[in-house]
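Visitor: Got two chains here, each in a separate frame; can you build the complex from them with the hints?
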Amino acid sequence: MPGDETSSCWSCGTMRAVHFCSACGKVQPPVPVDYFTFFGFPQKLNLDTAALEKEFYALSRRLHPDISAQAESQEREWSLQQSSLLNDAYRTLKDPIKRTEYLLRLEGVELEEQSKEATEKARTTGELKKQVVPPDLLEEVFELNMHLEELRTQKKMGEDDPALLEEIGKAKLSLEEKHDALLAELKSDWDKWDKAVNGGAEQERLKVRDHMVDVLNRRNYVQNLVRDVNEALEG
Amino acid sequence: MASDQIVGIDLGTTNSLVAYMQGETPAVIPGEDGLNLVPSVVALDEKNRIIVGNAARKYLIETPERAVYSVKRLMGRGVEDIQEELKFFPFRLADDIQPGEVLRIKVGERTYTPPELSGYVLRQLKRNAERFFGGPVTKAVITVPAYFNDAQRQATKDAGRIAGLDVLRLVNEPTAASLAYGLDKKKNGIVAVYDLGGGTFDISILKLHDGIFEVIATNGDTHLGGDDIDNLLITIALDDIQGDLKLDVRRNGEAVARIRKAVIEAKIALSSEPSVKLDVELPGGQSYQREITRDAFEQLIEPVVQRTVAPTKQALKDAGLKPEQIDEVVLVGGSTRIPKVRQLVEDLFGRTPHTDLNPDEVVALGAAVQAHILGGGSEITKEMLLLDVTPLSLGIEVAGGVTDKIILRNSTVPASATQHYTTQVDGQTNVAIHVLQGERELARDCRSLARFDLKGVPPMPAGLPRIEVKFLIDANGILQVSAREQRSGKEAQIEVQPSYGLTDEQVESMLLESYDYAEEDFRQRQVIEARRESETILAALAKGKRNEAWRALTSDERRRIETLEKALVAVKDGDDYQAIRKGIDVLNEATMSLAEMMMDTAVSTALKGKTMDDTDLGEGPQAGHPVAKAEFE
Numbered sequence: 001m002p003g004d005e006t007s008s009c010w011s012c013g014t015m016r017a018v019h020f021c022s023a024c025g026k027v028q029p030p031v032p033v034d035y036f037t038f039f040g041f042p043q044k045l046n047l048d049t050a051a052l053e054k055e056f057y058a059l060s061r062r063l064h065p066d067i068s069a070q071a072e073s074q075e076r077e078w079s080l081q082q083s084s085l086l087n088d089a090y091r092t093l094k095d096p097i098k099r100t101e102y103l104l105r106l107e108g109v110e111l112e113e114q115s116k117e118a119t120e121k122a123r124t125t126g127e128l129k130k131q132v133v134p135p136d137l138l139e140e141v142f143e144l145n146m147h148l149e150e151l152r153t154q155k156k157m158g159e160d161d162p163a164l165l166e167e168i169g170k171a172k173l174s175l176e177e178k179h180d181a182l183l184a185e186l187k188s189d190w191d192k193w194d195k196a197v198n199g200g201a202e203q204e205r206l207k208v209r210d211h212m213v214d215v216l217n218r219r220n221y222v223q224n225l226v227r228d229v230n231e232a233l234e235g
Numbered sequence: 236m237a238s239d240q241i242v243g244i245d246l247g248t249t250n251s252l253v254a255y256m257q258g259e260t261p262a263v264i265p266g267e268d269g270l271n272l273v274p275s276v277v278a279l280d281e282k283n284r285i286i287v288g289n290a291a292r293k294y295l296i297e298t299p300e301r302a303v304y305s306v307k308r309l310m311g312r313g314v315e316d317i318q319e320e321l322k323f324f325p326f327r328l329a330d331d332i333q334p335g336e337v338l339r340i341k342v343g344e345r346t347y348t349p350p351e352l353s354g355y356v357l358r359q360l361k362r363n364a365e366r367f368f369g370g371p372v373t374k375a376v377i378t379v380p381a382y383f384n385d386a387q388r389q390a391t392k393d394a395g396r397i398a399g400l401d402v403l404r405l406v407n408e409p410t411a412a413s414l415a416y417g418l419d420k421k422k423n424g425i426v427a428v429y430d431l432g433g434g435t436f437d438i439s440i441l442k443l444h445d446g447i448f449e450v451i452a453t454n455g456d457t458h459l460g461g462d463d464i465d466n467l468l469i470t471i472a473l474d475d476i477q478g479d480l481k482l483d484v485r486r487n488g489e490a491v492a493r494i495r496k497a498v499i500e501a502k503i504a505l506s507s508e509p510s511v512k513l514d515v516e517l518p519g520g521q522s523y524q525r526e527i528t529r530d531a532f533e534q535l536i537e538p539v540v541q542r543t544v545a546p547t548k549q550a551l552k553d554a555g556l557k558p559e560q561i562d563e564v565v566l567v568g569g570s571t572r573i574p575k576v577r578q579l580v581e582d583l584f585g586r587t588p589h590t591d592l593n594p595d596e597v598v599a600l601g602a603a604v605q606a607h608i609l610g611g612g613s614e615i616t617k618e619m620l621l622l623d624v625t626p627l628s629l630g631i632e633v634a635g636g637v638t639d640k641i642i643l644r645n646s647t648v649p650a651s652a653t654q655h656y657t658t659q660v661d662g663q664t665n666v667a668i669h670v671l672q673g674e675r676e677l678a679r680d681c682r683s684l685a686r687f688d689l690k691g692v693p694p695m696p697a698g699l700p701r702i703e704v705k706f707l708i709d710a711n712g713i714l715q716v717s718a719r720e721q722r723s724g725k726e727a728q729i730e731v732q733p734s735y736g737l738t739d740e741q742v743e744s745m746l747l748e749s750y751d752y753a754e755e756d757f758r759q760r761q762v763i764e765a766r767r768e769s770e771t772i773l774a775a776l777a778k779g780k781r782n783e784a785w786r787a788l789t790s791d792e793r794r795r796i797e798t799l800e801k802a803l804v805a806v807k808d809g810d811d812y813q814a815i816r817k818g819i820d821v822l823n824e825a826t827m828s829l830a831e832m833m834m835d836t837a838v839s840t841a842l843k844g845k846t847m848d849d850t851d852l853g854e855g856p857q858a859g860h861p862v863a864k865a866e867f868e
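So the protein lines, in turn, are chains A and B. Quick note on numbering: our numbering labels position 146 of the first sequence as 146, and the sequence is numbered without any gaps. Quick note on numbering: our numbering labels position 131 of the second sequence as 366, and the sequence is numbered without any gaps.
These aren't lab readings, by the way, just hints derived from the structure by calculation. No residue lacks a Cβ here, since even glycine has one placed at the ideal position from N, Cα and C. Worth double-checking, as some hints may not be accurate.
Per label pair, the in silico range of CB-to-CB distance [what the hints assert, rightly or not]:
1. B/T590 <-> A/T49: 42 to 50 Å
2. A/N145 <-> B/E526: 53 to 61 Å
3. A/E185 <-> B/P693: 44 to 52 Å
Just chain B, with the same shape it has in the complex (with noise of 0.2 Å):
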């Protein structure tokens, strides 16, 4: 398999998942445990090396101040803005951070950007990638919630670099998901894609026309998702247990941590029983019970899922659609398994949503189509084009703290234009420009993104400089701005460095930091599944001499493997990763017969089975990978 692979990758507030196009079928690659789904969760461990995963998950309930979960929340954020998450989610954040600097979580002893902590997070699904392809994987797609703005499509960009990746291009997840809805349905027609995660919801409107998927109108929520469901219950069992068992654990993390791992199983319970039984063991010995019938957790989380009505109403509306112009409603994201999110899906649209896609795989599939579509496309893809639009507008602060919109939202990128404006005061050399990105009218209300001074504009009285302000969205939904006062042809241009983002030297220095790691690790890890694949291939063969076929070789032919075995099990534990390689290889080759011979049996198995399927490297998916397959109709 090529190594230019580029792969395709959903980085979820829940999972993460890498995905890549298997020929003309989108599909995704599952981790060395055999799952697609990587829990985007981040720990350290007892040595203080980052694990990541399913691996991870443990850290939450046993050392729950040494992991983090839903850093998503914390993309492109500033202190003042996670106020409420704060609440609700066990962040620890460095002491010191002022408002409008980057976040710092601490983990452990030690303190991360969220970037960072989504760059080990992209990190292990690179490494998951260059598993399964046998070599490097350096270029990729991630998908971001259509409603993100400027900071947060900044931050998922520079965990990308972080990571060692080359990000080609940051998709919306709804527009991903349609990709992959609309991959093998040469349909045109009008396509609402409704997509609640854990942690952010987007509602998308396309037009799929000839293979153009034109995204007319996006709205969403990025503090919107299964885990606001999750902290309503959690709220509810700790006041319980307060209640009940006169204990407060509000403060006690791992008590917190096995709350939440229970309420989530309930939760995902109730979407086929008609009631559970939470049942959570304390610290201490004591334990929480607690019946949730199906109907109440409706009652509990219609609030939640009543969130997601405006944003949809308002997408519509700007679409200039009614409900019953759209032809297909699809579904995306754990949450929306939720059979309450799916009745009101149906009382929205009126008609029955499309739910034959994996909600949980479906935006990684998309990515993987878009990765596809960059690095040149193939028959199928060729015709197949993303037309994006900008989530929200964006403008500048003109006097009086006024908003002026230079770019409306639901504008088709890449999008520019171009604002004129002038001074206030004679002499004024100076202008402050303050780039917003929202829809409110007033400047405070809306996200600041950057401030930049155009210095140097020639003294002249008030109202003669002819200032050009141009802002360009590119097709990943960031913005440049340039300025420039057109009589002196004074000019200034700059990469919008978002008010809670990293700057170029700090991605560069934390880039280095994973890059110093990242060739020893890959070998070191070549290294490691070669000698496992040994271990499992030498355990078959010696119960493969035990097996009445064994007997039924000619002399040479077991002499020959009992070479080749010695040979193996002489280099398996050294370094030379080509050695061992070799080593199967030749192995393989030299048991083929006795394989064959003992398929009738049911060691066979054992032999052919394990060889064959657990336990590659190096070779491409026609080998047999256990590769999930893309869920279509």
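Same shape as in the complex, but just chain A (with noise of 0.2 Å):
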């Protein structure tokens, strides 16, 4: 639980938690902390969301700008913040995907940038994006780019071919399974990163690390090709 700071409240003088002073309840000037700790849960990655849509709830209760609307001008700005870090802290770890980026962040490892903006950038700049195609997928890849060209020709064109909307179909299914896969995969790092935070174990925790970043843009990649499909399909 939020609550371990041992300084005082600005306004009452008694020892305050974190976000709101216990005693009074006066929302706290924002201290540095990343998204966990301000929930108050340890870095790890199996998370109990109810856990967390709750304590959200809560400390919304305390901290929204609403509950403060009638407070002087300094308090109303602290609630602001507070409020605005909760939302963000909430929203970063309810989904599990970007709960797992936003730790690997904090462990400072950088994703590839797999994000439609950084596709579209390296399309209209010319650089060239930093994504390497996982080699397994090199050869399936280049076969579905070839036919999704060839689809949106077709559809430039008014003409529509069944053959080519099945062989997309399945490689869509294809690709479809294997981020499946992947989550499992990913899902299964989260009990040993876990289990590796517990038992402090470093070199493991490294290991776990390592491969979830792997996973992770693997499952980005695969991602992005099916969105392109579908764009594809319904462009």
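Guide: What follows is the structure in structure tokens.
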């Protein structure tokens, strides 16, 4: 639970919790903490999302600007900062992928930029995007891209080739299966990570970390391919 | 009634309302005319005085160049955004508006910005509330379409300030509606609010959980509503008139205004009738008639109604929900009275929507609830908390004209995010920050919110500076951006001044203009209304004297009443509000027994009824105002 900070409340002087004073309830100036600490959770990847939501609602009732709407401007400013931090933390932690990426970033790892913006940017600027095709996917991706290109051309001409659509559909299905498999792999990594954190197994922790980076990059790559396929089919 | 009452305002495209918490229930405050809805119409009368609301409507027809409606469509927009609008709305723009500049609308010989015109509507609502409470009202919660962008929100806030209101919070309309919906139902579940108003469409999906109203996703179209249906009907009428009567009245403001009025009435009637007859008298004596069946009407509006489908599906997708997972669908906005719209909603969600709330009033009632929460709340609202989201992604332009999204749509607000950038050229000392809002990949397809320069970056090789851009969206959905070069500590902070907005100085001067008169206005209004009340009670008393009951009074009583009557006559035409008020009160009290005796007779209503119900001023709602009750099940 948040509440280990040993300093006193600006308003009543009593010892305060991290976000608000446990005695008088006043919102406190934000202190720089990571999202896990903000919620009072350990830096683990298996997270009880029901408990997270409960804590989010409870903290919202303390920190939201609506609560301090009648307060002095300094207190309202703190409330704005604290509740934006709360919302950012909640948004990040409740999503398993974002949570993993965030934790890896806390570990100093830079993930490959796979976002749509990055792809678009690379396309417009002609820069090479830092993106490595996973070797086992090389052949499949090459073929898929050819099919997609063909589909786009056909769509422009107003043609329709059921055989091509079937090919693409099959490729999409296979990608989705891969995506699910990678997610399962990631989940087992979470267990390993949490165990390593519990047992203080530093070597093991670093090994799992690097493995997660690899799995995440592959998973993001596959997800983007699925997105491209969907767009080509719809567009 | 305490004068620090915070009111809730629904500033609508077609109608506006002001509401407050009457004990445990939100209630709409009626205008002097006893009506809850104040048409969002602003006009100049013969003496160049600003007229707002029902009284302004006649000018739409008589002197259309001196009246405006649907100004909300212009809020926070530039001249290049509204070309489509100009085809259908008789907005007369000032001639010299540059792209990127705030719009100015001609009304008669004068020009006004959209926030000023909306400010007049707000000021009217403020007055209605002041009249109701008998004291100044300075704080308000104002609702905006959930899908309003930053510029449109800023413009609304400016309008509030111009009207002399401290806008404590902008609340999204569908979210406000959900507050009114959920107030007396301690229900948990997923609710979809489908809000089709006069000019805007919103769809919001909320999770209600022990008093927390958490918006999960929102979507919409800020230029879609009943206005579009009216315009379709007007176009048909104009074509008919040209074809059948060989008359081109497109440029005739009065004719178009008459047609508009007639088609709106026809549209409303078609919600309950299978067919209506349109009959418009045109200037010049000819008349235009046409029968419209509901079938034909529904076919005609199908494309407009269909435009709500994609945003609704997107909101469901963003929420990660299937239609069958929605526990209740709430309808908001006048256009949801149209059976075709209800049918569409039913088809979309596979369930009958909840229609018990008055779709015209529910947003204002919800705003009153939120105002109450912000004011500290009470037993009924103390567990209630609204968690809203930003409807559109926010980002900045990066090399290649690409949008780099920093905060994604549907993020709970307040929200913040930090992103790091660097320079492209060696020795670059200025970095241009271009703030964007929207979902598109390329900067040019997004809404440009603001541009600013981070100046004075120490010259460094390209790629070395580390520029941190921080976005913070507050609970109103309004963005603040700051940028900092971390190696040098150089900082640039801006409150995003939207490209089509007013500067603080402009708002300040408009505000002062209206303030100069505000105090005086309020005082004069009090006097005028007290005078009117005196006349009503004096007239009632004159009637009472002819009643048998008068003879039944003792001569002392009669003498006392007549003395007080003379005293009131003596002060009522003066400017001393307190004196008139006192005169009314003592006479009211002295005639109490007379009124009671007259209870059995038909005349009694003249004295008791009138003085009690119609002409109150300066007392709280317990004095029997015609207060609209919230309609809940």
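Visitor: All hints, please: hold or fail.
Guide: Comparing the hints with the structure gives:
Take B/T590 and A/T49: their Cβ atoms lie about 35 Å apart, and the range 42 to 50 Å is violated. For A/N145 paired with B/E526, a C-beta distance near 59 Å keeps the hint of 53 to 61 Å intact. Our hint of 44 to 52 Å for A/E185 and B/P693 holds, since their Cβ atoms are close to 46 Å apart.
The structure fails hint 1 only (numbered hints given earlier).
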